[in-house]
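Each protein sequence line maps, in turn, to chains B, G, Y, L and W.
Just so you know, we're using my numbering here: the first sequence kicks off at 1 and counts up by one.
Just so you know, we're using my numbering here: the second sequence kicks off at 1 and counts up by one.
Just so you know, we're using my numbering here: the third sequence kicks off at 1 and counts up by one.
Just so you know, we're using my numbering here: the fourth sequence kicks off at 1 and counts up by one.
Just so you know, we're using my numbering here: the fifth sequence kicks off at 1 and counts up by one.
Calculated directly from the structure, the hints in this document are not laboratory data.
Among the hints, erroneous ones may be present.
Copies of the same chain look alike in the list, so a pair counts if it works inside one copy or between any two.
Unchecked claim - Straight-line alpha carbon distances no greater than 20 Å define the calculated SDA-like cross-link-like pairs of lysine to any residue that follow: (1) K120 to E219; (2) K294 to R351; (3) K100 to S235; (4) K123 to E188; (5) K350 to D206; (6) K157 to Y42; (7) K294 to A341.
Letter by letter, the chains look like this.
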Amino acid sequence: MSAGMTTRYSLMDLPPSTIPRLREEDSGVMKITVTIYDEASYREAVISGVKGCFILQRGPSITWIDVQCLHRAETLDALGECYGIHQLVLEDILTDQRPKAEDYDKYLFVVLKALYLSAKTRKMTIDQVSIILGNNYVLSFREKDEDVFRLVRERLKTAKGRIRKMGADFLAYALIDSIVDRYFIVLESIGERFEDVEDEVVTVPDRSTLLDIYTLKREMLFLRQSVWPMREAVSVLERMDSPLIADNTKIYLRDVYDHTIQVIDNIETYRDMSASLLDTYLSSLSNKLNEIIKVLTVMSTVFIPMTFLTGLFGMNVAYMVKALEYNWAFPMILIMMLAIALTMLTYFKKRGWF
Amino acid sequence: MSAGMTTRYSLMDLPPSTIPRLREEDSGVMKITVTIYDEASYREAVISGVKGCFILQRGPSITWIDVQCLHRAETLDALGECYGIHQLVLEDILTDQRPKAEDYDKYLFVVLKALYLSAKTRKMTIDQVSIILGNNYVLSFREKDEDVFRLVRERLKTAKGRIRKMGADFLAYALIDSIVDRYFIVLESIGERFEDVEDEVVTVPDRSTLLDIYTLKREMLFLRQSVWPMREAVSVLERMDSPLIADNTKIYLRDVYDHTIQVIDNIETYRDMSASLLDTYLSSLSNKLNEIIKVLTVMSTVFIPMTFLTGLFGMNVAYMVKALEYNWAFPMILIMMLAIALTMLTYFKKRGWF
Amino acid sequence: MSAGMTTRYSLMDLPPSTIPRLREEDSGVMKITVTIYDEASYREAVISGVKGCFILQRGPSITWIDVQCLHRAETLDALGECYGIHQLVLEDILTDQRPKAEDYDKYLFVVLKALYLSAKTRKMTIDQVSIILGNNYVLSFREKDEDVFRLVRERLKTAKGRIRKMGADFLAYALIDSIVDRYFIVLESIGERFEDVEDEVVTVPDRSTLLDIYTLKREMLFLRQSVWPMREAVSVLERMDSPLIADNTKIYLRDVYDHTIQVIDNIETYRDMSASLLDTYLSSLSNKLNEIIKVLTVMSTVFIPMTFLTGLFGMNVAYMVKALEYNWAFPMILIMMLAIALTMLTYFKKRGWF
Amino acid sequence: MSAGMTTRYSLMDLPPSTIPRLREEDSGVMKITVTIYDEASYREAVISGVKGCFILQRGPSITWIDVQCLHRAETLDALGECYGIHQLVLEDILTDQRPKAEDYDKYLFVVLKALYLSAKTRKMTIDQVSIILGNNYVLSFREKDEDVFRLVRERLKTAKGRIRKMGADFLAYALIDSIVDRYFIVLESIGERFEDVEDEVVTVPDRSTLLDIYTLKREMLFLRQSVWPMREAVSVLERMDSPLIADNTKIYLRDVYDHTIQVIDNIETYRDMSASLLDTYLSSLSNKLNEIIKVLTVMSTVFIPMTFLTGLFGMNVAYMVKALEYNWAFPMILIMMLAIALTMLTYFKKRGWF
Amino acid sequence: MSAGMTTRYSLMDLPPSTIPRLREEDSGVMKITVTIYDEASYREAVISGVKGCFILQRGPSITWIDVQCLHRAETLDALGECYGIHQLVLEDILTDQRPKAEDYDKYLFVVLKALYLSAKTRKMTIDQVSIILGNNYVLSFREKDEDVFRLVRERLKTAKGRIRKMGADFLAYALIDSIVDRYFIVLESIGERFEDVEDEVVTVPDRSTLLDIYTLKREMLFLRQSVWPMREAVSVLERMDSPLIADNTKIYLRDVYDHTIQVIDNIETYRDMSASLLDTYLSSLSNKLNEIIKVLTVMSTVFIPMTFLTGLFGMNVAYMVKALEYNWAFPMILIMMLAIALTMLTYFKKRGWF
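Please put together the full structure from these sequences, using the hints given.
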């Protein structure tokens, strides 16, 4: 459960401004993709570690360094020194952060949460993505062994759309947009799960339905926790007065902002629905209990007086035993019992029990 | 359930700035109505596609191009090129959007959700309506095969009211007003359904009542999701500092704004009521359970001691069998049983069970 | 239920700027009271319709035209033309509106909801009151056949207090104040009903209690819907920068504003209480169920083993029948049964069941 | 219940600007304490009514007139005339008001609610305290026969602390502070009651526990209603730009403001806790019900098949009667029954029922 | 329960501006640690009381006086006089306060709540920490016998990181940071407890689970009460326009602020989850009840008609007794009973009861 919540505690015994390391368990093999492109050319190289400092590109060509499965601190230290990144930023990249956008004058720092959805188990994984946008370069850091940026890279390679003609800010926008778009896929999947649970709740509510509802509720809470600050972060970026973001890119950022709002709207609606679902589930259970109890009550109250009569006429009372020796005694008793049963059933019918 | 929520996922694998296509299933036959009018004249033409560019009207006459069952992208591309519409706007028209109003200097872009209510099934359909207001022209795009603008068109034709004397901004206002007015019809219908459910909850709460309440709750949530941003959109329009909207039109927009607030008030009230209904339903069920259990308890506790007595006197115990041979034994036993039954019933009466 | 909610739908098929008519059913006989007064003189006339235009008073004397049971549109049209009222205002007067205050430069337009409480049935009626405050005149329109302004009129007639010495703005204030004061009477009555229901919930919760709670909850929701915007309307008036409201009148408006806040405080408190009441009701029912089930369980578990024993000794098993022929058999059996019953009862006593 | 809510209705039939009288029942014997002091001297006089006008003090000495059990209107009228108090203020003093602070240029007007806690019954009483702070004088009006200002008066008399060296604004601060401090005593008592109820809920939830929870919830709602506006009132005072409050007194007002926030925090926490308590109570009841039903079910299902067997072997079927004449029949039957009972008990054990 | 809530009541009978004493019971042995350091040197001394005034350090060296288990007022008075601290501040240090940050020109005053977690019992303790940041000095006061500042002191001693090179503001930041970091440890522990309870709720909900949920809920409420104002306090510090805080320290304060937001996010999520847990618990109980009742009903309704038959054939009715003398009577009866039992079981199977 605590996944995605408080991994910061590993940092407790360190001075506040040094760089704590991520736990090794989280990581696959680190993979660094360096992409250098301008409108005419495109070069890409995959390396496994950074020790010295890259030579900074001049002129219009843009450098994008994307680190997947980040866990070796030397790489981060090297990149940090090379691009002049503040120590607090490096620390933030390695520890669990709320989504946010910050202006450090020479570069902008954005933290977002990317979602991956396992196709089989329908389980969500959360990945923290840090993006640094500088003059003509973009650095991106990811923790998990999945590639949220695959499509952006393909578009860059094939020069599809305007992405190769625009600056580093448009690349950063494209990265953020691809993260936000992921949320719609997750929401789509959650929508389907809601439909499944809704059907169950009304027809056959059982223990597993309860677990499903509770799980949905909890996932909504955790999604919420990463989406609300994401909205704030995109909004801060859009309104930021930085020369690093061109005005015509801001229209695109507003579009991303609209998408985050749409995501929030849906999550809030689902959250409200999950609350209703739980209430409906309880009511549905009560309904079922009433039906069961009705069966018990009808059966009991119909047979209890009849059984009493059989007891009565089964007593070893001499006086009565004689009376029962008449031939008409048995049919009389049966008619009596039938009358009782019918009276009871009519009574229940009238009260609308069945 | 996911209708009206996240159809954006079809856009996932496309570059963020190209135009994705709507799914064909949503569409009937596309129908484009071109209306050109001024105070004196009125012309209307229905066409099925747009390839070249219309000749823009000059002087006071106003062009209104209304596209119903939008699904052929070439039409949109052609109109977009002709009127100089930004690619992001064209993308927004084709994908699911929150209601919003945006100022693109040369034109204003408004997205709203129109509601249709099926007369038979009382089911709601949501239609996304995009309106572009430019200098002397209005473009409107709708997805569903229903005509929310029928009355506006009639008034234009018959020159009823001041609509022919006013500019394109007043036409846009009339279109928005006709969309907002639809909500009152839907609310009226929901009000009736609430009354039905309220009666059921208190008198005969059953499984179908529960389903009705849950459905009402869910519909309220979805209505809310399209109304709150609609209020925001109208408010943005009203306060917008654009030469495209004349000051005397703003008074009318304020009126529309008041109507959206009224819609929101009603929806919020209904939402609160649906929550109360579910709680009341559960209480009503509990009430019913108590009554059923009371019947069971009264019957059981009255007969259980009496049946025990019949068992007691039915035992093959020689000593007792002799005692029961006296003639007064049977009446004595009956009196004993009657006394027990009366004691029990008096006890229940005192506790107010019936 | 829909009373006071969405009567606007009758307006659906009309152009947005014409004046729709109120449904006749709502109306009694229209009654127009024209009052002209200044510090020294007072004239009052009751008429039944307006066709031409009144001669406007000059100098210090103030005209107040109060229309009760408004339903003839010609009257409104005539007054509208005579005083130069905007068509949207006339439309608002005739249709269901949220309380609001608007500045139309030459006059101010205020819509409020007045409450009447039927002395017998304790039922609320909501009346829409529209007030137009111009230079030296006040127009007021009401729909129901009740007179919320009776006391104001009496004070005017008897020149009690300062009302005759002040301007038209003070008259408008007095009218608004008399509407707000009505809410306290209604709250008083609701307070009494709450006390009644509270007693029932804890002592004898039954189906009618549930209905009472639900009704209180719903009334709170509807009251809320007219009080919150009323607060806003009064606040707008108080802060309005209009020459029509003198500064020394604003202190009185602030006083009215304080009263609306007090009303809201009480309504919100009652709303929270009604939610608690429903929860408490459910708990009280559960309590009762537990008690009933306890009776059933104690009776059943005490007698079930004893009845089993009677069955056992009632079997036609030859071996046992012989044993039971001894004289001590019967007392032995009785002692056994007594022991079982006492054990059971002791067990329940220990668990605190009675 | 309506105590502290809507006593304003007695004002209904009066013109809005006259002074309504408090109901006599609320009042003990009115007691007016006049205190005149400066750094060097201190005089105190208790009188029972005011008719003429006091001679206003000159120079540095400060006059404090404190009215307890206010109910004679002449006194208020006399004081009002003497100090030039606005009629609306006099009306507010005599009617139920929300806590507030208002600036009337020549004096400040503050309304607060003081709480008294009955030592025996733990019941709260609410007292409305109105304070008027003018140049060199403070007027205070209270309705109940309790003295919230006792300690302030003692400090004045004994010249303890700096109170005699400071101005009238510091006296007003001391009065407000003594009112706010009362809330902590009440909160302390409520905290103890919560602890009591919490214990009951988990161990022996019964009807009286329910009543206690409901009462706590209601008291929280009413406390809230007087504390939130109190915070606002103190905040207004602190930020007020009036020459009547010296800058060094403002630090003390900020301290009082911090205390009101602390009170609000605690009340909100208690309010949330009371909601949890009710939910926990319901769950605790359900738990108990489950246990009772388990006992019933175990007993019934163990004995029902066994009793059936006794019935079976008690039938007068000739064929069977013969079979039962063998000596081993009885032990066989007993073994059969024992087997059934053990099977049942094992089954329930496995399901974890006991 | 009242721990950490309202200890202020001990102050009730004191004038508002004198210094009340902490209750002795809270305190261990007071321990004052005086640390004087600059980039090159470090001196530390532990003393047990302060009477005179320390000689203030000149130049770049920084004095940090840390008081643990504060309870002797003379010490505080002495320090207060020596550093010119306002009496209200001294009072605040000794009484229970909400977290806050205040600017007194010559020094800043910060109050925070530190959390300690008992390793064994998982119980939280709350400690009030007051920090005064002046020019070149920091005073810190703590009530409990735990050392939240241990790591800061070590880093100072070993000159690790930049702490010795920076000013007193950075020391204050380090102290605040170490307090905030504590919250993550507590959250981690709470996360684990949530996981435990979640498992129980779904599998074996019992009375102790209910107690756990309630306790978690209550702890969340109290944590919330100290975290929200802590966020505010840090935010005030960050935005404060005081020469005592250098600009490059503010980046670090923004980092602390981000951490407080993260803490709040987690607490709010846990709070929502605890509410869901209680609802889920109730549903889980209802589920279990349904299962128990099903067993009872199936057993009862299967055996009740069969037992009735045994009664019927056990009656002493002469006519019937003869009929039962035939050899086929017994098998016939058994077949009849089997048929009834099978019918019942089939019925329950169909309704999905097992």
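**Item:** Status of R351 relative to K294 across identical chains (alpha carbons, at most 20 Å)
**Value:** Both. Shortest intra-copy (11 Å) and inter-copy (14 Å) distances satisfy the 20 Å Cα cut-off.
**Message:** Checking an output row: K120 and E219, CA cutoff 20 Å. Within, between, both or neither?
**Reply:** Within. Shortest intra-copy distance 17 Å satisfies the 20 Å Cα cut-off; inter-copy 31 Å does not.
**Asked** How would you classify K157 and Y42 at a CA-CA limit of 20 Å: within, between, both, or neither?
**Response** Within one copy only: 7 Å inside, 53 Å across.
**Prompt:** For K100 vs S235, is the C-alpha pair at or below 20 Å within one copy, between two copies, both, or neither?
**Reply:** both (10 Å within a copy, 16 Å between copies)
**Message:** When Cα atoms must be at most 20 Å apart, do K123 and E188 count as within-copy, between-copy, both, or neither?
**Reply:** within (13 Å within a copy, 22 Å between copies)
**Prompt:** Which holds for K350 with D206 at a C-alpha limit of 20 Å: within a copy, between copies, both or neither?
**Reply:** Between copies only: 16 Å across chains, 31 Å inside a chain, cut-off 20 Å.
**Status of A341 relative to K294 across identical chains (alpha carbons, at most 20 Å)** = both (16 Å within a copy, 19 Å between copies)
Comparing the model with each numbered hint stated earlier shows that all of them hold.
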